[in-house]
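Build the full structure now, drawing on both the sequences and the hints.
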Amino acid sequence: MAFNSLPFIFIFLPLVMAGWRLVRPRRAALVFMTIASYTFYAFAAGWYALLMLVSTTVDFTVGILLDREERPGRRKLILLLSLAFNLGLLSFFKYVGFFITSVNDVAGHTVLTNTLHIILPAGISFYTFQSMGYSIDVYRRDLAPSKSFIEFASFVSLFPQLIAGPIVRPSKLLPQLADPGPIDESRVTSGAMLFTCGLLKKVMVADRLAFHADPILNAVGRFGSVDLWLAMVAFSLQIYFDFSGYTDMARGLARMLGLELTLNFDSPYQADSPSDFWKRWHISLSTWLRDYLYIPLGGNRKGKVRTDLNLMITMLLGGLWHGAGWNFIIWGGFHGLLLLVFHRVDRAWQTLHAVVRHAAMLLLILLSWIPFRMHTLADLGTFFHRASFRPEAPTAPLALWGYCFVGIALCALPKNSNAINWNLGWRSTVGFALLAVVAILHLNLSSKFIYFAF
Amino acid sequence: MAPQSPAETKKLVVFVTIVVAALAIILSANIAIRSRTSAFAEGAGTPRRAGLERLWANPTKCAMTMEPSPDNERPMRHVNAGIIGKVDVLELGQSDADHMSSTFFDDRVRFYNGFLSNSYFVYHYEVFEDVVAAHGAPALVLYDVGSGYILRDAMEPAWDTPGQSALWWGFPPFHTGKPDPLPWYRDLPSLLSLAQTQLTLTWVEHQLPHRTLAPVAGDTEDDNGQQFRCVDVRKKSGMYRWLADGSRVYAGELDGVLAKPGAVHVTGAVGDRHINESRLVQLDWVLGKIVAAGTKVIVYTPPVHPAVFADKKQAPLIEGAEAAIRAVVERHGLDYCGLALDADSLGCGNGDFSDELHISRKCNQRIVKRLATGCAPHAGAMLKDMLTPATLE
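In the order they appear, the protein sequences are chains A and B.
For the first sequence, the positions run 0 to 453 when numbering that gives the first Met the number 0 is used.
For the second sequence, the positions run 0 to 392 when numbering that gives the first Met the number 0 is used.
Each hint should be verified, as a subset may be incorrect.
Claimed, not checked - Derived pair list, reagent style DSBU-like, types lysine-lysine, alpha-carbon separation capped at 35 angstroms: (1) B:K234 / B:K361; (2) B:K383 / B:K235; (3) A:K447 / B:K9; (4) B:K60 / B:K259; (5) A:K414 / B:K361; (6) A:K447 / A:K414; (7) A:K171 / B:K9; (8) B:K361 / B:K85; (9) B:K259 / B:K234.
Just so you know, the hints here were simulated from the structure itself, not pulled from any lab data.
Note that the coordinates shown come from a computational prediction; the quantities given were computed from them, not determined experimentally.
Next up, the structure:
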């Protein structure tokens, strides 16, 4: 049951909205929300919902223990237990298969046999990071531990952000859950509009781009350079509208419940440098990696070489977070390299004309999406070979050009969905309602969100 | 208590109301019209639909090229049902009824020839059901039941034969006689889809008064081999063409005059030489459904080539088939005219046959005259009132 499905929009959402408003006292409302969120999750992940319950229990207990324990050594040990559990969980479900395949590939024959046939539980990368961030914050004494299990469980499982983020800091969401306050009608309306905006991004732009670009990108060996580059531009737009659409829907849903989630996108394709891009793309992940990985590794406080190393480790792990595959490591490494180079040429870079900076950045981002989209190294090689040396006449449908044009135009708008005041006027409300109808009529063509796979 | 923000509350109510109401209307329309639009989506295809639209935009000048076959003709009938408007007299049956023409009828009578080549009885019912669903039940059905068909082996699918059965010669959208295999509440994603909504709008558009359509490339060419073109009805063509009244013109035919007759296979008119009971069962079923819709029916067996009944071995087989058909028809209290061996008495000579079964427009005119004046005590008078004086001469 994804956000872009009829059962979610017409059954789950109205029931949850009604329950959240009607169930009192607050503690009972949180129980209701937690049950609703677990139900939502069970539709996506089945019995793996129990795994989330275990993870929640572990980190809640860790928070309580850290609060009681004063001895630094013991506190560190407790934190390490939490990290080991969370990272162990993530590694087992996400990376065991990749590890076995990689060992066998390097050896050239079957050294390890994969008999586990593990299925990646939906959203595990997101809720594990969210839950782990809580333990670290409590350890650092940046956050008082939650005293209520149901409050913490509702924080980890809150359905709008559960499966694909944004990764919300406990310091932002826990207080809102502890004291949600009265529901403001203007926020409900604004949330509904933001949700609709996200739905439109997903079904009217991202899915349409994918519909035309996927046949090319799934068979790169059959197409010439123009088609391949066009399809890759389409993918760059698709992934943005897909993920930012999801984020808008998540934020809109939360707002309808009286909660506010973290920003995740801020016109990333308007970035004029690699570091600017990472301030605008998947902000909740990049800031998480910054605060819980890059800075603890030493950040930029231990000299240039160490800074570079920390940056590269962070970006490589950031790439690996997306999935167990060399393509994601290459993607992370490429972005790490861009940041390293950029740090050295920053001053010269800023002297360039803004148009040149933006254009160069768009090209670099486009290049970075190639390994992200090509799932095997063989496909990656084929793409670069054919995209470079096969200047064949384009065969892509005209619609793909059209959707790319629309996508680019939307990316170039001065205001993104975060900056818009979603308390619209009457005309815009009616217009948005009609657009919502059109979006709903597209649902049967809609695909899964790309980031559900991570 | 939540703080009230009346304007925002109203906006939210308006927003939700518009979305829910619009979707409810769309869903209701799609549920109501889906069964009439399946052919638009699947088997019919845009070129066929466009061809039929052009045909109906120029009914006196245009003939639509199309290769004869059930997989071409069934979607054509399905789409046409939404275009042709109210039908007073509907022709059903096999390809030997293909020259039954609206020219036999008075101008105030809407005649449509819904014959289907190589067709099962349930296919005929499909045509009837489509016409009824689009514009209500016709007053009269003229039902051509070929004697040779009843004498031919092979199973006949029933209306509830599973869609995957080979009996259907399955091709979309008619895998089964049931147009809506899923109840609407189990098929919401497709019912609430843009594609289905577009089909509904297309169907609605077809209900509007016909407008003149611009010709498409190839319309004026005679024999470029492409189907669904509108070619000049006054010119000969090497292709099969369909007229606006649903009847067919053979390759080389002009103004109802057939090209030189093809080979006559005497045994082709008597099939496998014994009566196929499964076909009689299906005939019985179809007649029951048509009668239940309040439509009068005249069932007839068209004449076969004189060479067939000249062969003394064949005539008894045909007579046996006619007797079997008559027994089924009379159970429903309907008229039956067995004309299979009446080519001579009708005045249908060798020049009226393109083979042992298929007959000219002139011969069909004589059949209609016979139905109206000689052998249909229940509905004959009604038919007679609908015909032109020239037909009755």
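Verification of the supplied hints:
no.: 1; hint: B:K234 / B:K361; in the structure: holds, 19 angstroms
no.: 2; hint: B:K383 / B:K235; in the structure: holds, 32 angstroms
no.: 3; hint: A:K447 / B:K9; in the structure: holds, 33 angstroms
no.: 4; hint: B:K60 / B:K259; in the structure: holds, 24 angstroms
no.: 5; hint: A:K414 / B:K361; in the structure: violated, 75 angstroms
no.: 6; hint: A:K447 / A:K414; in the structure: holds, 27 angstroms
no.: 7; hint: A:K171 / B:K9; in the structure: holds, 31 angstroms
no.: 8; hint: B:K361 / B:K85; in the structure: holds, 26 angstroms
no.: 9; hint: B:K259 / B:K234; in the structure: holds, 17 angstroms
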